[in-house]
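Asks: Assemble chain B onto chain A, guided by the hints.
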Amino acid sequence: GAVVSQHPSWVICKSGTSVKIECRSLDFQATTMFWYRQFPKQSLMLMATSNEGSKATYEQGVEKDKFLINHASLTLSTLTVTSAHPEDSSFYICSARSGTRSTDTQYFGPGTRLTVL
Amino acid sequence: QKEVEQNSGPLSVPEGAIASLNCTYSDRVSQSFFWYRQYSGKSPELIMSIYSNGDKEDGRFTAQLNKASQYVSLLIRDSQPSDSATYLCAVNGDSGNTGKLIFGQGTTLQVKP
Numbered sequence: 270g271a272v273v274s275q276h277p278s279w280v281i282c283k284s285g286t287s288v289k290i291e292c293r294s295l296d297f298q299a300t301t302m303f304w305y306r307q308f309p310k311q312s313l314m315l316m317a318t319s320n321e322g323s324k325a326t327y328e329q330g331v332e333k334d335k336f337l338i339n340h341a342s343l344t345l346s347t348l349t350v351t352s353a354h355p356e357d358s359s360f361y362i363c364s365a366r367s368g369t370r371s372t373d374t375q376y377f378g379p380g381t382r383l384t385v386l
Numbered sequence: 782q783k784e785v786e787q788n789s790g791p792l793s794v795p796e797g798a799i800a801s802l803n804c805t806y807s808d809r810v811s812q813s814f815f816w817y818r819q820y821s822g823k824s825p826e827l828i829m830s831i832y833s834n835g836d837k838e839d840g841r842f843t844a845q846l847n848k849a850s851q852y853v854s855l856l857i858r859d860s861q862p863s864d865s866a867t868y869l870c871a872v873n874g875d876s877g878n879t880g881k882l883i884f885g886q887g888t889t890l891q892v893k894p
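First to last, the sequence lines map onto chains A and B.
FYI, the working numbering numbers position 57 of the first sequence as 326, with every residue one higher than the one before it.
FYI, the working numbering numbers position 88 of the second sequence as 869, with every residue one higher than the one before it.
Source of the hints: derived by calculation from the structure; they are not laboratory data.
Quick reminder that beta carbons are idealized off the backbone N, C-alpha and C, glycines included.
Careful: at least some of the hints might be erroneous.
Claimed, not checked - Stretches of chain A that chain B covers, calculated by requiring three or more beta carbons in the stretch to come under 8 Å of a beta carbon on chain B: (1) 279-286; (2) 303-312; (3) 375-381.
Stated by the list, open to error - Simulated pairs of lysine-lysine, DSSO-like, Cα-Cα distance not exceeding 30 Å: (4) K335/A with K881/B; (5) K783/B with K333/A; (6) K823/B with K324/A; (7) K783/B with K324/A.
Said to hold, decoys possible - Okay, the calculated bits of chain B under chain A, using three or more residues with CB under 8 Å as the criterion: (8) 825-831; (9) 879-886.
Only chain B is shown next, with the shape it has when bound in the complex:
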């Protein structure tokens, strides 16, 4: 069974610090990786997508992908209290183009003022 694993947390960081969120996946054929942010009671919103090994930066967010080790991470620089949410890692669920995503259980981030 294909799995996406995340530490549920909570991960607590002080305001202004770097938050590091990690995710591992089991299926080597996965090609597309996504980080979503979900506030309590709301639906997920896309933060980053990454498809190639290495780093991808977008503002305060950096996604890192290492396919050989089957992990993907998200770094949040200068963390703000508004970043407090659950971060979901999602991986495409098959080698085709169905678009199916498998989600991890999410990591709860708490940024303390």
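Extracted from the complex, chain A is given alone in its bound form:
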């Protein structure tokens, strides 16, 4: 099956610093990548949709200047949490799909656990 990787798998940082998370599709080209956030005992909340070569589309309530997304190639998307604060501590998960149909499967990365001190 399709494989999506994320790096790092966990990160601890100080308040006010920026953190970059990478999401890579290893064996397919991802036309679209998605970024989710999951707080403890809650479901996944979509943050933004990222298409290669174009600006990301953010969900309502997600600050685009705080969560910078760059989809540089068909296999790589990055999420940068700028000026992170303790309330940004969460489990960040990316997913990717190869096609453009609503029936195309999304494959999830293993997630990145961010802890902001």
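Replies: Chain B in isolation, oriented as in the chain A frame:
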């Protein structure tokens, strides 16, 4: 606001029994439906997808879709302790092809040996 509803559980079944997980959704235009399994501390993994009314079977798993009633269910036969996890129902979030998924809050399944 488009919603996907699941009973958070926990749903507890004995080993070998059938576990039945249910999900309802609010948007009638939804066309694609997915069940994901998520172990604690891990990311979701796809179990089943279903797009047409009726049943779809894959091994011990059967997904059922009823668009008229706007519900989708997942049956797990011969439940094993390794099936203990949170099961997330996901529905495509719009009528287009953006691929956006709306997730339910998940149902925690506990399979007792």
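Asks: Give a verdict on every hint.
Replies: Outcome of the hint check:
Look at the segment 279-286 of chain A against chain B: 0 of its residues bring a Cβ nearer than 8 Å to a Cβ of that chain, fewer than three, so the hint is violated. A count of 3 residues in the segment 303-312 of chain A with a Cβ less than 8 Å from any Cβ of chain B is obtained; the coverage claim is therefore met, three being the minimum. Here the segment 375-381 of chain A counts 6 residues with a CB under 8 Å from a CB of chain B, which clears the bar of 3, and the coverage holds. Proposed proximity of K335/A and K881/B is supported: the alpha carbons are some 21 Å apart, at most 30 Å.
Restraint check for K783/B and K333/A: the C-alpha separation of about 22 Å stays at or below 30 Å, so the hint holds. Only pairs whose Cα atoms come within 30 Å are accepted, and K823/B paired with K324/A is accepted, the gap being roughly 29 Å. Restraint check for K783/B and K324/A: satisfied, since their Cα atoms lie roughly 24 Å apart, inside the 30 Å limit. Counting residues of the segment 825-831 of chain B whose CB lies closer than 8 Å to any CB of chain A gives 4, so the stated coverage by that chain holds, three being the minimum.
Chain A is given as covering the segment 879-886 of chain B, and this holds because 8 residues of the stretch bring a CB closer than 8 Å to a CB of that chain, at least three being needed.
Checked against the numbered hints given earlier, the structure breaks only hint 1 and satisfies all the rest.
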